[in-house]
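So the chains spell out like this:
Protein chains: 2
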Amino acid sequence: MSHERDPKRDGLAVARRRFLSAVAASGAAAGLTGLVRPAQAANPDNLPPNEPEWARVLGPGVDDRGYGLPSIYEKHVKRRWVPWLTASSESTVNFTPLQDLHGFVTPNGVCFERHHSGRAEIDPEDHRLIIHGLVDKPLMFTVEDLKRMPSESHFYFCECAANSGMEWRNAQLNGVQFTHGMVHCVHWTGVPLRVLFEQTGLKPNAKWVLAEGADGAAMTRSIPMEKALDDCLVAYAQNGEALRPEQGYPIRLVVPGFEANMWVKWLRRLEVGDQAWYHREETSKYTDLLPSGKAYIFSWVMEAKSVITFPCPEKPLNGPGYYSVRGLAWSGRGRITRVDVSFDGGRNWQTAKLQDPVYPKCLTRFEIPWRWNGERALLVSRAIDETGYVQPTMYELQKVRGVESVYHNNGQQVWEVKPSGEVENVRLRYVNA
Amino acid sequence: MSHERDPKRDGLAVARRRFLSAVAASGAAAGLTGLVRPAQAANPDNLPPNEPEWARVLGPGVDDRGYGLPSIYEKHVKRRWVPWLTASSESTVNFTPLQDLHGFVTPNGVCFERHHSGRAEIDPEDHRLIIHGLVDKPLMFTVEDLKRMPSESHFYFCECAANSGMEWRNAQLNGVQFTHGMVHCVHWTGVPLRVLFEQTGLKPNAKWVLAEGADGAAMTRSIPMEKALDDCLVAYAQNGEALRPEQGYPIRLVVPGFEANMWVKWLRRLEVGDQAWYHREETSKYTDLLPSGKAYIFSWVMEAKSVITFPCPEKPLNGPGYYSVRGLAWSGRGRITRVDVSFDGGRNWQTAKLQDPVYPKCLTRFEIPWRWNGERALLVSRAIDETGYVQPTMYELQKVRGVESVYHNNGQQVWEVKPSGEVENVRLRYVNA
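If you read the sequences in order, they're chains E and F. Each number in the working numbering corresponds to the 1-based position in the first sequence with 2 added. Each number in the working numbering corresponds to the 1-based position in the second sequence with 2 added.
Possibly wrong hints are sitting among the right ones.
[Said to hold, decoys possible] Calculated cross-link-like contacts (lysine to any residue; reagent style SDA-like; alpha-carbon spacing at most 25 Å):
| hint | chain 1 | residue 1 | chain 2 | residue 2 |
| --- | --- | --- | --- | --- |
| 1 | E | K77 | F | K139 |
| 2 | E | K420 | F | D65 |
| 3 | F | K139 | E | W372 |
| 4 | E | K80 | F | K139 |
| 5 | E | K80 | F | E76 |
| 6 | F | K77 | E | K287 |
| 7 | F | K317 | F | N375 |
| 8 | E | K287 | E | A220 |
[Claimed, not checked] Chain E is nowhere near these chain F residues, computed Cβ spacing over 10 Å in every case:
| hint | residue |
| --- | --- |
| 9 | S91 |
| 10 | V107 |
| 11 | M168 |
| 12 | D276 |
| 13 | Y280 |
| 14 | E377 |
| 15 | V428 |
Treat the hints as calculated values from the structure; they're not laboratory data. Ideal Cβ positions, reconstructed from N, Cα and C, are used throughout, including at glycine.
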């Protein structure tokens, strides 16, 4: 029974002794000078003298919000889009506001969207998933069927192959939301594809899977069977609740570490075949023209990448002093093992702290203390993943891939901090210098 | 460069061989019989014949939703409240819809709320946190000051001490939302209290911290300094975005594993002292009268607990066959190490599968396969944590604590599945039998 037990006083006493000796040894109290301000001398033991209104009134009750929303003071935290990017808002993208986020989970309300025929609005009662082709027994599933099966939940990032793609063509946008906001990371819950294929069986020559969406574009992509059986999910939930309509409600494919275009939304059909289909989205699109004249095709994996999200163009500095510089790193190959940060444009590097937990194929938050002296600085980060791969500069990337690419730009991002505290995207100027 | 590398074909080929031999060895294809339905025989290689409307139209573009919301088909997923529970909606609670959630993260929109004076609506620009009392240097912080400091992010559950409390007094509610919905679990980001105390310094006799909220109730609770220095946070974000107003925007205290009443919202003041304050919320409330006539006080830790969330009264079964029975388990002492499930009211137990990740002081999802034969069944779960503590039956709990308690009911929950598939809360009838 709980009241018979002692609340871990021994362990807690240890924590207290550890704290006191750490403070004594390091002089930690002085560590954040320039950040904190002294409490008002006149009333150190009282509340601030002007009691704000919210401390004097009865606030709204619980009956007005079955489903809650952010504070009215957070209206600036939203997805944004670039009208000139594509022909219409139904075939374009809006971007995740990375500059306003914390930790590594993306809230469902601001996960970037990219559609090819607008957002399908599906009644789950009328939706089916069919599996056919090179299987022993073609099967059809309702959404309820899928929820009755064994499930898995995992955190995975989902990044559009075109994230940071505008920078290849010198369209240098001044904000991390637009340079890197085609990525999000949520907790996916669904049925592993291998559980579904255990039920249909697979013919010996089953080598590829075609995934097709139920939207007007009937988005189709070929996925190698090895990947399908490894870690792909048919997901019905994100961050604990049903998928959002713009994320494929009621079901979508999750293809961890691979480009988001393959994560087919509003999934209605899986066809098993012995070769790839070479549909539009894997030939005309989602390929890059290399300097050799050949196309870079089936470039599925999102390589290691990182970006500093504070400071950034949207979040300037407010005078010299101590700051926690923060950012995100990720790799489609597995875990991030290290992130380096430079304050002088890549000449000198320091290793940042990675925030637990560090999951494979998942955003990872990094943080590094910085005492800004008020002078011009060039902030850069580079991610290293468990394969040993080091995120390249954009210059190194262009040496190999040329300047005609759109997809898979995982080059280092450079922010210039000006003496005013303002921050500017100088990646192109920097790499071309 | 990414295109020079091979997409882990070796590893994937291993996954495929593993799958094929596992299917061959186990006859897994037959494992979920009764669940799946065959695809329509007439067109096994085509789409379902009636192409739904959403596959024939251009859906809405991205310009209408900077901040997204769930599907219109998910309107039933919401917090609900019980009007008769307290005098007014400003001093009551609404409950998390556990029956509709997946994984272990609670979406911000449906995290339960409990207020003492309604929801404070605070402008973060005008909010301050003051730290004073037995410190070397009293200090005052803006929200921006706090965000500039070193941060941590952790998943922790937050459970009201009164969760499941209505059952002590025979108010047996028929739904997991009301029996267990005063718990949620999100990814908290904030500054560790020890980082703040490193800056103020602590006097040698600093043994307790008083936390006070800025709402009209000026909620105040005493917290032992050992706990404050161990793992408490001043949080400004949940699940990646700013705290929701009802969760204490712009800042709240996070006191991992301890009862939610101590997680003071709209935090404005931390006073350091040499003894507890014995304020209203830790004397008149949040104490329990024991059979001995003494009060059970400072009962901070939330002991190991679990509940089956599917099936449950809100989610009946749809005919005999295969089901994944699912639930949640948690412990304020650390990690969940095992969850047992019984289908016959606790006579026989089977060990459920815990879904990765299993964090300390965090909700943990468990799952166990069940082939329901259509007969009456009594479903129960019991959690075991890393201290070896086993979640008791409610009968065992009452033997020690009597029947006058309101708080800290972590007894086992019993659901009766009827031949119709309906599910009823029979905990009281069961434990009193």
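Hint by hint, here is what the structure shows:
With a C-alpha separation of about 36 Å, the suggested pairing of E/K77 with F/K139 is violated against the 25 Å cut-off. A distance of roughly 33 Å separates the Cα atoms of E/K420 and F/D65; the hinted pair therefore is violated under the 25 Å criterion. Proposed proximity of F/K139 and E/W372 is supported: the alpha carbons are some 24 Å apart, at most 25 Å. About 39 Å separates the Cα atoms of E/K80 and F/K139, which puts this hinted pair outside 25 Å; it is violated.
Restraint check: the Cα-Cα separation between E/K80 and F/E76 comes to about 22 Å, which is no more than 25 Å; the hinted pair holds. With a C-alpha separation of about 37 Å, the suggested pair F/K77 and E/K287 falls outside the 25 Å cut-off, and the hint is violated. Distance check on the hinted pair: F/K317 and F/N375 sit about 17 Å apart at the alpha-carbon level, within 25 Å; holds. Restraint check: the Cα-Cα separation between E/K287 and E/A220 comes to about 15 Å, which is no more than 25 Å; the hinted pair holds.
At roughly 3 Å, the least C-beta separation between F/S91 and chain E is not larger than 10 Å, which violates its mark as non-interface. For F/V107, the shortest C-beta to C-beta distance to chain E comes to about 4 Å, within the 10 Å cut-off, and the non-interface label is violated. Residue placement check: F/M168 keeps its beta carbon more than 10 Å from all beta carbons of chain E (closest about 16 Å). Distance to chain E confirms F/D276 as a non-interface residue, since its nearest Cβ pair spans about 14 Å, more than 10 Å.
The Cβ of F/Y280 sits about 17 Å from the closest Cβ of chain E, beyond the 10 Å cut-off, so the non-interface label holds. Chain E leaves F/E377 outside its interface by the beta-carbon criterion, the shortest separation being 19 Å against a cut-off of 10 Å. With 10 Å as the threshold on Cβ separation, the claim that F/V428 sits away from chain E holds: the shortest Cβ distance comes to roughly 23 Å.
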